[in-house]
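> For the sequence shown, counting from 1, position 58 maps to 58 in full-length UniProt numbering; every step adds exactly one.
It is worth saying that the hints were derived from the structure and are not from the lab. Note that the coordinates shown come from a computational prediction; the quantities given were computed from them, not determined experimentally. For each residue, glycine too, the CB sits at the ideal point set by N, CA and C. Hints may contain errors.
To be verified - Distance ranges between label pairs, derived from CB positions: (1) Glu56 to Thr26: 24 to 30 Å; (2) Ser74 to Glu31: 14 to 20 Å; (3) Glu56 to Asp17: 16 to 22 Å; (4) Asp2 to Thr63: 16 to 22 Å; (5) Lys57 to Asp34: 14 to 20 Å.
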Amino acid sequence: MDRREFLLALDETLELDPGTLTGDETLESLESWDSLAVISFIALVDETMGVVVEGEKLAQAKTVADLLALAGVSVPA
Numbered sequence: 001m002d003r004r005e006f007l008l009a010l011d012e013t014l015e016l017d018p019g020t021l022t023g024d025e026t027l028e029s030l031e032s033w034d035s036l037a038v039i040s041f042i043a044l045v046d047e048t049m050g051v052v053v054e055g056e057k058l059a060q061a062k063t064v065a066d067l068l069a070l071a072g073v074s075v076p077a
């Protein structure tokens with residue numbers, strides 16, 4: 001799954017319109033980033049990327065780009 005596909009999946013997970021997220025957003029600015037979204041993100045990453053996200057690292061995430069890094073999604077050059 002590439003960056004664009006993952007962002008679209010994250011849009012869906014957070015119940016945002018497709019194409020809303022770019023990676024530059026802060027999690028604090030997303031009204032839909034709550035405890036349910038955290039669980040959904042963990043499940044999304046596990047199912048699509050086969051990566052187990054550590055709770056401590058997720059708690060340190062401040063931006064959508066941080067989430068991408070935790071998921072192992074490469075950032076385009």
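> So does Glu56 sit 16 to 22 Å from Asp17, Cβ to Cβ?
Cβ of Glu56 to Cβ of Asp17: about 31 Å, so the range 16 to 22 Å is violated.
> Given the range 14 to 20 Å, decide if the beta-carbon distance of Lys57 to Asp34 lies inside it.
holds (18 Å)
> Is the distance from the Cβ of Ser74 to the Cβ of Glu31 consistent with 14 to 20 Å?
Given about 28 Å between the Cβ atoms, the range is violated.
> Does 24 to 30 Å hold as the CB distance between Glu56 and Thr26, or does it fail?
Given a distance of about 19 Å, which is not inside 24 to 30 Å, the answer is violated.
> Just to be sure I understand the hint, the distance between the Cβ atoms of Asp2 and Thr63 should be within 16 to 22 Å; is that true here?
The hint (16 to 22 Å, Cβ to Cβ) holds, given that Asp2 and Thr63 are roughly 19 Å apart.
In this structure, the earlier hints numbered 1, 2 and 3 are contradicted, and the remaining ones agree with it.
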